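There are 2 protein chains.
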Amino acid sequence: MDIEQFRKAGYQAIDRICDYYYSLQNRPVISKVEPGYLKQHLPLTAPEKGEDFQVIADDYQKFIVPGLTHWQHPSFFGYFPTACTFEGIIAELYATSTSNPGFNWTSSPACTELEALVMDWAAQLLGLSAAFLNSSGIGGGSLQTTASDSALISVVAARSLYQQTHPDAKLEDLVIYTTTQTHSLGLKAGLVLGLSVRALEVKSEDRFSLKGETLRIALEEDEKQGKKPFILIATVGTTSSGAIDNLPEIKAVVKDHPSLWIHVDAAWAGVAMSCPENREKCFLNEINEFANSFCTNFHKWGLVNFDASTLWVRNRKHLTDALDVTPPFLRSTHGDAGTVIDYRNWHLALGRRFRSLKLWFVLRSFGAEGFRAYIRRTIALNQQFADFIATSDILSLVTPPSLALSVFRIEPKRNSPDQVALSTESLNSLNRLFYGRISARDDILLTQTVLNGVHCIRFAVGAARTESSHIQAACDLLHTEAKLAIEAWEPTTTEDSK
Amino acid sequence: MDIEQFRKAGYQAIDRICDYYYSLQNRPVISKVEPGYLKQHLPLTAPEKGEDFQVIADDYQKFIVPGLTHWQHPSFFGYFPTACTFEGIIAELYATSTSNPGFNWTSSPACTELEALVMDWAAQLLGLSAAFLNSSGIGGGSLQTTASDSALISVVAARSLYQQTHPDAKLEDLVIYTTTQTHSLGLKAGLVLGLSVRALEVKSEDRFSLKGETLRIALEEDEKQGKKPFILIATVGTTSSGAIDNLPEIKAVVKDHPSLWIHVDAAWAGVAMSCPENREKCFLNEINEFANSFCTNFHKWGLVNFDASTLWVRNRKHLTDALDVTPPFLRSTHGDAGTVIDYRNWHLALGRRFRSLKLWFVLRSFGAEGFRAYIRRTIALNQQFADFIATSDILSLVTPPSLALSVFRIEPKRNSPDQVALSTESLNSLNRLFYGRISARDDILLTQTVLNGVHCIRFAVGAARTESSHIQAACDLLHTEAKLAIEAWEPTTTEDSK
Numbered sequence: 001m002d003i004e005q006f007r008k009a010g011y012q013a014i015d016r017i018c019d020y021y022y023s024l025q026n027r028p029v030i031s032k033v034e035p036g037y038l039k040q041h042l043p044l045t046a047p048e049k050g051e052d053f054q055v056i057a058d059d060y061q062k063f064i065v066p067g068l069t070h071w072q073h074p075s076f077f078g079y080f081p082t083a084c085t086f087e088g089i090i091a092e093l094y095a096t097s098t099s100n101p102g103f104n105w106t107s108s109p110a111c112t113e114l115e116a117l118v119m120d121w122a123a124q125l126l127g128l129s130a131a132f133l134n135s136s137g138i139g140g141g142s143l144q145t146t147a148s149d150s151a152l153i154s155v156v157a158a159r160s161l162y163q164q165t166h167p168d169a170k171l172e173d174l175v176i177y178t179t180t181q182t183h184s185l186g187l188k189a190g191l192v193l194g195l196s197v198r199a200l201e202v203k204s205e206d207r208f209s210l211k212g213e214t215l216r217i218a219l220e221e222d223e224k225q226g227k228k229p230f231i232l233i234a235t236v237g238t239t240s241s242g243a244i245d246n247l248p249e250i251k252a253v254v255k256d257h258p259s260l261w262i263h264v265d266a267a268w269a270g271v272a273m274s275c276p277e278n279r280e281k282c283f284l285n286e287i288n289e290f291a292n293s294f295c296t297n298f299h300k301w302g303l304v305n306f307d308a309s310t311l312w313v314r315n316r317k318h319l320t321d322a323l324d325v326t327p328p329f330l331r332s333t334h335g336d337a338g339t340v341i342d343y344r345n346w347h348l349a350l351g352r353r354f355r356s357l358k359l360w361f362v363l364r365s366f367g368a369e370g371f372r373a374y375i376r377r378t379i380a381l382n383q384q385f386a387d388f389i390a391t392s393d394i395l396s397l398v399t400p401p402s403l404a405l406s407v408f409r410i411e412p413k414r415n416s417p418d419q420v421a422l423s424t425e426s427l428n429s430l431n432r433l434f435y436g437r438i439s440a441r442d443d444i445l446l447t448q449t450v451l452n453g454v455h456c457i458r459f460a461v462g463a464a465r466t467e468s469s470h471i472q473a474a475c476d477l478l479h480t481e482a483k484l485a486i487e488a489w490e491p492t493t494t495e496d497s498k
Numbered sequence: 001m002d003i004e005q006f007r008k009a010g011y012q013a014i015d016r017i018c019d020y021y022y023s024l025q026n027r028p029v030i031s032k033v034e035p036g037y038l039k040q041h042l043p044l045t046a047p048e049k050g051e052d053f054q055v056i057a058d059d060y061q062k063f064i065v066p067g068l069t070h071w072q073h074p075s076f077f078g079y080f081p082t083a084c085t086f087e088g089i090i091a092e093l094y095a096t097s098t099s100n101p102g103f104n105w106t107s108s109p110a111c112t113e114l115e116a117l118v119m120d121w122a123a124q125l126l127g128l129s130a131a132f133l134n135s136s137g138i139g140g141g142s143l144q145t146t147a148s149d150s151a152l153i154s155v156v157a158a159r160s161l162y163q164q165t166h167p168d169a170k171l172e173d174l175v176i177y178t179t180t181q182t183h184s185l186g187l188k189a190g191l192v193l194g195l196s197v198r199a200l201e202v203k204s205e206d207r208f209s210l211k212g213e214t215l216r217i218a219l220e221e222d223e224k225q226g227k228k229p230f231i232l233i234a235t236v237g238t239t240s241s242g243a244i245d246n247l248p249e250i251k252a253v254v255k256d257h258p259s260l261w262i263h264v265d266a267a268w269a270g271v272a273m274s275c276p277e278n279r280e281k282c283f284l285n286e287i288n289e290f291a292n293s294f295c296t297n298f299h300k301w302g303l304v305n306f307d308a309s310t311l312w313v314r315n316r317k318h319l320t321d322a323l324d325v326t327p328p329f330l331r332s333t334h335g336d337a338g339t340v341i342d343y344r345n346w347h348l349a350l351g352r353r354f355r356s357l358k359l360w361f362v363l364r365s366f367g368a369e370g371f372r373a374y375i376r377r378t379i380a381l382n383q384q385f386a387d388f389i390a391t392s393d394i395l396s397l398v399t400p401p402s403l404a405l406s407v408f409r410i411e412p413k414r415n416s417p418d419q420v421a422l423s424t425e426s427l428n429s430l431n432r433l434f435y436g437r438i439s440a441r442d443d444i445l446l447t448q449t450v451l452n453g454v455h456c457i458r459f460a461v462g463a464a465r466t467e468s469s470h471i472q473a474a475c476d477l478l479h480t481e482a483k484l485a486i487e488a489w490e491p492t493t494t495e496d497s498k
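Top line first, the protein sequences correspond to chains A and B. Position 155 (the first sequence) corresponds to 155 in my numbering; numbering is contiguous. Position 382 (the second sequence) corresponds to 382 in my numbering; numbering is contiguous.
Fair warning: there could be bad hints in the mix.
[What the hints assert, rightly or not] Within a straight-line C-alpha distance of at most 27 Å, the following computed DSS-like cross-link-like pairs (lysine-lysine) qualify:
id, chain 1, residue 1, chain 2, residue 2
1, B, 203, B, 170
2, A, 170, B, 224
3, A, 8, B, 224
4, B, 39, A, 39
5, A, 8, A, 49
6, A, 170, B, 227
7, A, 317, B, 211
8, B, 281, B, 211
[Unchecked claim] To spell it out: a stretch of chain A is covered by chain B in this simulated footprint if at least three of its residues, at any positions, have a beta carbon under 8 Å from a beta carbon of chain B; those stretches are:
id, stretch
9, 267–281
10, 356–368
Calculated from the structure, these hints are not laboratory results. Here the structure is a predicted model, which means the values were calculated and not measured. Backbone N, C-alpha and C fix where the C-beta goes; we use that ideal spot for every residue, glycine too.
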């Protein structure tokens, strides 16, 4: 493809993306293809001769788009949102147009310098303390692919620091602490590193938040047995229910256990701290006072296209001590002099994409004000949903709404005091049926979860095009499906038939 | 930004990318900015009010482009090339336009299905055996970010398998084998995982290729001491000199050490196997016969925009056994039934970008024929360079050219038999001066390396716009700079002045 053919194909791609967004809300949210659909349409080997690009571009529309789940659809309430803004798209377009893997300063100075700068913008937007800024020269921030990578890097840095200060500690004795509500990234870090993971219990009555006392007891138990807990992955906004671990209590415990690294995973909820009114409930003060590392994903609720996981550390030396490898072919004058950041020593790989461009475009185009307005709007939309649940006689919230996430289930209100409540097991069975009905539809997407044995359904707001009308439509749909589920449900136990 | 504003900004971005490529060869290759340049131009915090997108787009041209090193410049001969094709750019544009993190089949079926399919296309293009194809149902391929990630995942899978079969093995005793010429990814995997790395010696007379005997002796030594070597990262095409480890000899050794996992890192050279004439020297047969995992980066020399590291494993179960985490909120009907690939269990993170789209666009637009033609053209350009060095009276190749890479240095030919050769130390000092001169220029980019104590310079061909005329210009420039370096050089030892 030559330059003029690219111009033509590029304009067409832009036009088709416009068409996509004009038509998006009329499409099904969920792809209804069956496993193996694509190989019915495409050959099993690459073509020998090059094909006309128009055919390829048309095949994208014909075969790929119908197989996409539309995460940007206004009725997408599943998982957590994954951001996609026009500013982000254009930034990615510019970034890939020069395709340079800015692994160190010399390999492309702008990549490093923009990342260092906009990570400071982002830190200040969220209210992080100056200690985390790149301009501090001690702490600093970098863009990772996902929160899993950010957590893994933090665990590696923590392990490396722990081994430095405890040279006799055996890998077999090291323990990563999470809670039973921590994202699978905790367990995965353990699998990748071959280290034990202990998931601390959290309780429904504490809204699934880790209590300081639980941590203290676990530390004492493990230390007595010669185990070496060296990091706690605490969460601000868990995936299942948006729970926020009790950082003030954890802080008090850590005073007596100073070698426990605290990584705060706020993958989803962290961007909410851009609004001052959310900072206290997200424990910003405590994060600033004692977290060793902090992660939030701007690519979830933060308007920056996937991937854009922001990771800050209080001491960059803990990263570079753990990850620095400098072979001769990567040495450079400025790197040797230590006057520049070489981001390759702040992440797992060597090369990295120019991700900071999209963060820069988004923060400038929206401004801090526009960013906060977006966060507030989605929280208000979730409140609209939670208000509907509160007035429903068949649906109940399982926990209070957390920012832009509600967790609910069918739980018919008792009409009279002598009506017997359904057992957990029966309610679970009813709610599985309910979820089965919802997930069979293609005009809405929600995901399910289990909270300490309770089967429930998540409603996560955040797709940029979701309006109040989509929330209302979702409420109506869920009410109808819940009624139908109750009607269709066949109680199987004696108790159920009461 | 609304849809029509996006159309306008998108067209402009496409136009500006066209302008960039029209002007590219007249730009300096290397950015001449000084550390800290960007913060002179940009504020230290995000703007409070949103800015007009035209201002932002203009600032990209004004402040970012001058700080880029132009990896696509026809006179870029540093590191290894990083691919950037128009097909790849458009694929990335489509991929980011829906921003869906296809972590499992259900989350966006097309992402998984296209990846499974085009990884089979790519495997067949390179001549990999059917055992590595996704269609085999046993082996399989996936797209990772970089060769570092691919190697790390392979080490994790190998460690997990080794621990399953050797339940008493302590992490402290496990050893990762590399050679002294293995990319830093080997050492980094060791750092990340907290495992020992032993770099086996390779010799100049073996062209820096690992011999079977070296491996056999190391295995015997380590096993005698209770160490547990569990993986060898062998290289086909090392970074420093394009060396290819002796896989036939390694295969013979591994027969007696069946629990040693062989990961073949062909990050740069692997795509050359698309041409049948390169397969024997890259030991394709041996890779097919006994490698447990194989990686090449299509984003280097393979026309697919960064990032696109392709990783194949002989047994996908070794990946999923090591990496599978399935919390309730990620369970799905098809996933539970095992009828689909859930790629989240094939890599480190959870979410992943839709990378297969660019591999698909590139392979279709070029066709296998066009892909091979590109590989052959770059090898021929490197041969042109190597031929020039062969006729030079002051420059010499340090090793025979390897595919599209030449490694050379100043080494004046002796005019008479009684003229004394310069010592290694003197030649190193002269070549450092020479490289200093080259790297001070902004119209060419080469990188340096050290091969068993010998300071030398790499010339890696592969930028898509490099023509014979650019090679000729590079030859002329290097000849001139070498002469000037020799003139400017002040021998400091008695021997040097002979």
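Going down the list of hints, with the structure as the test:
Between residue 203 of chain B and residue 170 of chain B the alpha-carbon distance is near 32 Å, which puts this suggested pair outside the 27 Å criterion. The suggested pairing of residue 170 of chain A with residue 224 of chain B holds, with an alpha-carbon distance near 22 Å, which does not exceed 27 Å. With a CA separation close to 65 Å, the supplied pair residue 8 of chain A and residue 224 of chain B exceeds the 27 Å bound. Restraint check for residue 39 of chain B and residue 39 of chain A: not satisfied, since their Cα atoms lie roughly 50 Å apart, outside the 27 Å limit.
Our distance criterion of 27 Å between C-alpha atoms is met by residue 8 of chain A and residue 49 of chain A, whose separation comes to about 22 Å. A C-alpha spacing of about 16 Å is found between residue 170 of chain A and residue 227 of chain B, which places the hinted pair at or below 27 Å, so the restraint holds. For the given pair, residue 317 of chain A sits about 38 Å from residue 211 of chain B by alpha-carbon distance, which is inconsistent with the 27 Å threshold. A distance of roughly 15 Å separates the Cα atoms of residue 281 of chain B and residue 211 of chain B; the hinted pair therefore holds under the 27 Å criterion.
Coverage of the stretch 267–281 of chain A by chain B is violated. Counting CB-CB distances below 8 Å, 0 residues qualify, and the rule asks for three or more. Taking a C-beta to C-beta cut-off of 8 Å, the stretch 356–368 of chain A contributes 9 residues in contact with chain B, enough for the three needed, and the coverage statement holds.
Taken one by one, the earlier hints fail for this structure at numbers 1, 3, 4, 7 and 9, listed in ascending order.
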